[in-house]
Structures are given as C-alpha cells and as structure tokens.
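So the sequence lines, in the order shown, correspond to chains A and B.
Residue 1 is where the first sequence starts when you use our numbering, and the numbers rise one by one after that.
Residue 1 is where the second sequence starts when you use our numbering, and the numbers rise one by one after that.
Fair warning: there could be bad hints in the mix.
When chains are identical, the list treats them as one kind, so a pair holds in a single copy or across two.
Said to hold, decoys possible - The calculated lysine to any residue pairs, modelled on SDA-like cross-linking and capped at a C-alpha distance of 25 Å, are:
1. Lys-52 with Ala-41
2. Lys-240 with Leu-266
3. Lys-90 with Lys-214
4. Lys-356 with Gly-332
5. Lys-52 with Pro-39
6. Lys-52 with Glu-42
7. Lys-52 with Thr-9
8. Lys-240 with Val-333
9. Lys-237 with Thr-220
10. Lys-52 with Gly-8
11. Lys-356 with Gly-118
12. Lys-240 with Pro-98
13. Lys-214 with Leu-266
14. Lys-348 with Gly-8
15. Lys-240 with Thr-220
16. Lys-156 with His-216
17. Lys-348 with Arg-10
18. Lys-356 with Asp-305
19. Lys-237 with Thr-330
20. Lys-240 with Asp-228
21. Lys-52 with His-35
22. Lys-52 with Thr-341
23. Lys-348 with Glu-42
Don't read these hints as lab results, they were simulated from the structure.
2 protein chains.
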Amino acid sequence: MPDPSPLGTRIGILGGGQLGRMLSLAASQLGMRTHIFCPDAESPAFEVTPCKTVAAYNDTTALEAFARQVDIVTYEFENVPLETATILEKHVPILPGPKALEVSQDRLAEKAFLTEAGVTVAPYRAVTTRESLDAAIAEIGLPAVLKTTRLGYDGKGQRTLHTQEDADKAFDEIGGVDLVLEAFVRFEREISVIVARGRDGATVTYDVAENVHKNHILKTSTLPADIDTATAEAAAKAAKIIATALGYVGVMGIEFFVAESGNAGLLVNEIAPRVHNSGHWTQAVCVTDQFENHMRAILGWPLGDTTRMADVVMENLIGDEIHGIAENLTPGVQPHVYGKTEARAGRKMGHINRVKLQKRR
Amino acid sequence: MPDPSPLGTRIGILGGGQLGRMLSLAASQLGMRTHIFCPDAESPAFEVTPCKTVAAYNDTTALEAFARQVDIVTYEFENVPLETATILEKHVPILPGPKALEVSQDRLAEKAFLTEAGVTVAPYRAVTTRESLDAAIAEIGLPAVLKTTRLGYDGKGQRTLHTQEDADKAFDEIGGVDLVLEAFVRFEREISVIVARGRDGATVTYDVAENVHKNHILKTSTLPADIDTATAEAAAKAAKIIATALGYVGVMGIEFFVAESGNAGLLVNEIAPRVHNSGHWTQAVCVTDQFENHMRAILGWPLGDTTRMADVVMENLIGDEIHGIAENLTPGVQPHVYGKTEARAGRKMGHINRVKLQKRR
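Chain A on its own, in the form it takes in the complex:
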C-alpha cells in the first residue's frame, strides 16, 4: 500500500462532462491539480481547470503526453475504451482499475460477475441470433427486456418485449450485435446505493436513494427511500460486496430493483464504476460528498463520513428545465449548473438538491 498521495498531486480525468467537472471541483477543494482529457472542445469541465487535452480516446500520442503530465488518472464514465486504459496504464496508475471498466462495459460480463460475487440479478440469457432469442424467450418467458450488451445508456439500445411480434421488431432494430435478454422485473421501486472503497480496502456507503426515471433518464432521487431497514441493509451489503469483489478504488453507484412482494426481493439492475447521478444529493447534506470521497479514495486518503444530515430530494434539470433556475430558487434549494452552452432536449443541464431543513438549536 503506497503512502497517501501528496498535496498538489496532478489528477487526470478522462471525460469532460458534468461528472468530470464536479470531480475536478472536488479535487481542487483538496488542494490537487486537475487535467481534463476529452475529445469535445466544448466540454463543461474545461471551465474549471487551466489544463486540458482535446483529443480522441484512441490518440496514442495525445494519451502519452497526457500521462506524462499527471500522477493519477481517473474517469467520469464507464465507456472509456479499454485500449485507452491500456495505453495510459503503462505510464500512470488508473483508478478505479480497468477491471471495473471491463466488467461494466458488457452487460453479460457484468451479470456473470455479479452472480459470481453472490448478489442477485434478474434471470438472463445471452442472445446472438434470432434463434437464440427464441430459445431465451422460451426459458425466461415474456414480458422480458432485450438489450445490447455494450454502449447502452439512458434507455438507448433496449426494447421491452411483450409479444412474439415485439421480439421480431426488436431483433430487427437492435440485433446484429451481442444482446442479452433479461426477465422483466415487476418492481415496487428503484433504489441505488453509492459506495466508496479506499486503496486500503475500507468501504463506506451512503444512505439508500429512491429513484424515479422519466423517459429512461433519472428525474429524482429521494432520501430517505421508502423501504424497510432490512432492505436498506441488504442493499448496502451488496454494494460493499460488489466493490470489494472488483478490487475497486473510488466511488461507484449500484442500482437495484425492489421487486414486488412475493417476488424475488432485491435485484441488482446495473453497476456504474464512477460517481453517479443518484448520488448528487450528497453534495447538500453530507459532510463528505461522493465527489470528495472518490478523490479521497484514489488518493489513498481516509474515506470521509457519509452521515446524512437532513432529508433531501435531488431533481435533474433536463433540457429547457434549466431556464429560469435563478428565479425559481426557493428556500433550501442548492443549485448545480453544468455550464453546457446548448440546452438540447434530453440533455442533463444541471440539478437541484431540495433540502428539508430543520433549524438546530
């Protein structure tokens, strides 16, 4: 175990979106310097540091130059190409490690890993051909969800199948690449847990958030979640098991379904090897938020306290919802704006944390 990284450590961040931006702000709070690597010249994270590289993720020359200018590399998104990680790793440590990328970039690999780690996922089958889809439907039943194994997010690359006709249509639309068929989970609610794991293997979790999606995009995370203590403890335990099994260092988000009563209980839906949208509420009501804890973890610093000081609802501002934010700030609202220039439909532009305040005497 190396010593904690010193003040002034240069942290390279792959990805220049809002997560990279908020990671950079957290690194600055801790006295670190950041360097953002992103192909998009208009990246929001470029506004919060003097050091940037605008280059493609497969630009070896740019990656090597970047690696020479930083002491640690981390990332804001799970679809960093493994090739990129491999090139960088020759020169500089990457945390969380490439194993987390490998597992989370492929739904089949992820489900196999989760099952192996001993946590429960919905029944699933690999699908490659039209015939194997039929075989999978025969085993799993309908309704079911057909997903590409790679590069899906915010509902992209997935179809819900209720009938054999849906299956025909879905296979025409998203087939031709590796797919997975998952049993359709009738869930009471969706919840998530943010877990941090240090270089020394210590883990901490934040309180369980209850999430509501709209058009496949996270709309709100509410604390506390309306679940019983046993479910909350099971979710926290599963999150720690997953982070530990990955040998993970940093913060990750684990999404769960709480299945309807009589059904299979708590199922892991998805893991994200990065700070997570459903953990943004920690900025308003925790002494150490998820971004600071990610930095503390990769720097080898002790993890910070995750106690929640108040009830809170995080609400994403999508597209046009960002307009008029100033006028609509009511008491107890903490705004976060990502600095994106264009408010396209479906684009995450910012979020607000609504805190239920109780005066302390």
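Position chain B relative to chain A; hints supplied.
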C-alpha cells in the same frame, strides 16, 4: 433592478488567494465562468479556471482588457486600490460597490460610518502627531490600542499601550502615518456574523461564530457560540444594519467583541467587505455556504438558506500544520486545502471543518 444574471456570466475576481479560489469554485457550481486577476504568478486561484490575468492592480491596460472579458467584477480582499476600482467601474459593474472598499480601507472612516449607522464601537480618537496621541490617551485612558488607519491585518500595524513608555515606543515604530487610538476592550469573547445582502436589498445572516485568535491570526471558529440569544440577535441585527447602510451587495463578515459583564455589551471590532475566514464553517453544515451566497447576491439571484444543520468547529491550518493532513482526517472532518506551494510560517494553507454528527433516522 436588473434581471438576474444569466448562466455563463463571466465573473472577474480581483485577488488570487484562497478566498478567490473558493469564490471561483462556487461560481463554477452555479454554471458561471471565472477570470482571476492577480499580480502574483503563483496564485492558488489560477488552478481552478482557464482564465487569468497576471498584472499589477495599477496596470490600466491590463485592467481594461480584463474588464472587456468579464460581465461583473468582485473581489476577495478589502485592500483593492480605489484607483483600480475606479478604472474598472467605467467598463463593468463592481460588486460589492466601491463604497464598501472606501469605508473598510480606513479605520477612521469605518468607525465614523459605523457610529453613524447606529452600531456601537469602542471609544476612539484620531491620532496624527505625538501631541495628539497624548491628548487621545488623556481622553481614552490606558490601556489602549494604537493602530494605523490603513493596511493593517492579522495584527500588523498595531500596538497595545499600557504605559506612557509604550506610547513613546509605539509612536516611533508605527507613527508618521494616520493612526487611531482605540480604548482597550476587556472582552469575554470574540464573535462574528456573516451577512449576505442581495441586489434587491434582502439580507440573511448565518449563525454567530465564536472566534479564537492565535498570534493575531484566526485559529478556530466554533458553532454554536457560547452566548445568549439576546446577544446573538443583537449581532445579527447589527450585521444587517451595516450591510444595508453600505448599500452592500454580496457577503461580508462583521467581527464583534462581547465585552465583560458590566461593560458596554456588544461592540463592532471590524468589518470585512468580502467572504470571511470565520464563515468557512458554512461549507460543511449549510445548504448554501458563504461563497455560493456571495455569488447569488452579486448575480441578483435569490439568497440561499443559512440554516446550520450541525454543530461545527472550523480550524485554520497555518504553515506547517498543513502537512500530514491526509493521515489526520478523522470522521466528520471536511478538509480544504488552498494549493499554495510553500508552507511559510504564519501562512494560511488550508482549513478543516470538524462536524459533530448525529445520525438522522
């Protein structure tokens, strides 16, 4: 009253120290862009934005170029030369206004202003010559404190006088410029209030902090202060009166003495027209900290909630105290490191907020 400033507003910040750095981080949270102006090429605030100007505060050409690149100018320290403010004001709004600078740069002007505004200060007399010092001592009595009217901070430019000999020595050492003699206040404790005032004249205050100085430098701010409700209310009221009388926009810090029983009660010691070291605790336990509220004020946004969610002690890390910060992080500690390269004696290198946590169920 103009509309609230839009997202992406370019905020120029005069001064590149830790306050400028933390102001810049707060502006980034709100989706704004920042540009730091500072003569020191090694300024810590340069690490958190792509836009900087390294130039002297009397460099008219540099100031005018800076003014063209920003939409609003604010500052991190009260000793911005009035000449600088005057040049900038021709091109771009400066908030808080130059009046706050004018008053706070001169102890005599400040005391006259405070008296006029109806808040209580310790008895004082202007001192220009050795003779006028004798006259002042005759009126105020000993002990008393002799201070330069301008450019004093952290105990620089002041002497405590117990005897006539002290007076001789002090006048030799710091005389030759305008001075002020203040009655020595036997105080029970030192407290401060952070007040924010919006462009619309609305004011909010944070809870009263109890401050302890060491070698004339703030060492700790403790919340809650050990004072009664009447004193806390009087301090908050005085802070609002002062901000309003100045036509102030932004966050300011007001330092008070709580005089010993039987003495004169609550006395204003000093005002600082900027975010204030004794308000750093707000970062850990308030939904809106002092830096965000400063930005919201100058942008014309509604002010944020100042409710304190937990008890907290802010401790400054001076000089070598910054070393080993990572190893010494205990539960509930929120670290802030300023990114200064050299840990000189007496230099503020960072601070920690120690939060007294209580699990919420």
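We went through each hint and held it up to the structure:
In the homo-oligomer, the alpha carbons of Lys-52 and Ala-41 lie at most 25 Å apart both inside one protomer (10 Å) and across protomers (19 Å), since each shortest distance falls under that limit. For the identical chains of this complex, Lys-240 and Leu-266 are intra-copy neighbours only, at 15 Å inside a copy versus 53 Å across copies, given an alpha-carbon limit of 25 Å. For a Cα distance limit of 25 Å, the shortest separation of Lys-90 from Lys-214 qualifies neither inside one copy, at 41 Å, nor across copies, at 49 Å. Proximity of Lys-356 to Gly-332 under the C-alpha cut-off of 25 Å is found in both arrangements, the shortest distances being 7 Å within a copy and 21 Å between copies.
In the homo-oligomer, the alpha carbons of Lys-52 and Pro-39 lie at most 25 Å apart both inside one protomer (10 Å) and across protomers (24 Å), since each shortest distance falls under that limit. In this homomeric assembly, Lys-52 and Glu-42 come within 25 Å of each other (Cα to Cα) both inside a single copy, at 11 Å, and across copies, at 19 Å. When the C-alpha separation of Lys-52 and Thr-9 is checked against a cutoff of 25 Å, the pair qualifies both within a copy, at 16 Å, and between copies, at 21 Å. For the homomeric pair Lys-240 and Val-333, the shortest alpha-carbon distance between copies (23 Å) is at most 25 Å, but the shortest distance inside one copy (31 Å) is not.
In this assembly of identical chains, Lys-237 and Thr-220 lie within 25 Å of each other by CA distance solely inside one copy; the values are 23 Å within and 38 Å between copies. Taking the closest pair of Cα atoms, Lys-52 and Gly-8 come within 25 Å of each other both inside a single copy (17 Å) and across two copies (19 Å). Taking the shortest alpha-carbon separations for Lys-356 and Gly-118, neither the intra-copy value of 37 Å nor the inter-copy value of 37 Å comes in at or below 25 Å. With identical chains, the CA atoms of Lys-240 and Pro-98 are at most 25 Å apart within one copy only, with a shortest distance of 19 Å there and 54 Å across copies.
For a Cα distance limit of 25 Å, the shortest separation of Lys-214 from Leu-266 inside one copy, 22 Å, qualifies, whereas the shortest one across copies, 55 Å, does not. Only between protomers do Lys-348 and Gly-8 lie at most 25 Å apart by alpha-carbon distance; the minimum there is 16 Å, versus 31 Å within a single protomer. With identical chains, the CA atoms of Lys-240 and Thr-220 are at most 25 Å apart within one copy only, with a shortest distance of 24 Å there and 37 Å across copies. Taking the shortest alpha-carbon separations for Lys-156 and His-216, only the intra-copy value of 8 Å comes in at or below 25 Å, while the best inter-copy value is 60 Å.
For the identical chains of this complex, Lys-348 and Arg-10 are inter-copy neighbours only, at 22 Å across copies versus 28 Å inside a copy, given an alpha-carbon limit of 25 Å. Taking identical chains as interchangeable, the C-alpha atoms of Lys-356 and Asp-305 lie at most 25 Å apart whether they share a chain (20 Å) or sit on different chains (11 Å). Only between protomers do Lys-237 and Thr-330 lie at most 25 Å apart by alpha-carbon distance; the minimum there is 23 Å, versus 36 Å within a single protomer. Proximity of Lys-240 and Asp-228 under a CA criterion of 25 Å is satisfied intra-copy only: 19 Å inside one chain copy versus 46 Å between copies.
Within a single copy, Lys-52 and His-35 get their C-alpha atoms as close as 5 Å, and across copies as close as 17 Å, so both meet the 25 Å cut-off. Taking CA atoms no more than 25 Å apart as the test, Lys-52 paired with Thr-341 passes in both settings, with 18 Å inside one copy and 21 Å between copies. In the homo-oligomer, the alpha carbons of Lys-348 and Glu-42 lie at most 25 Å apart inside one protomer (15 Å), although the nearest pairing across protomers, at 35 Å, exceeds that limit.
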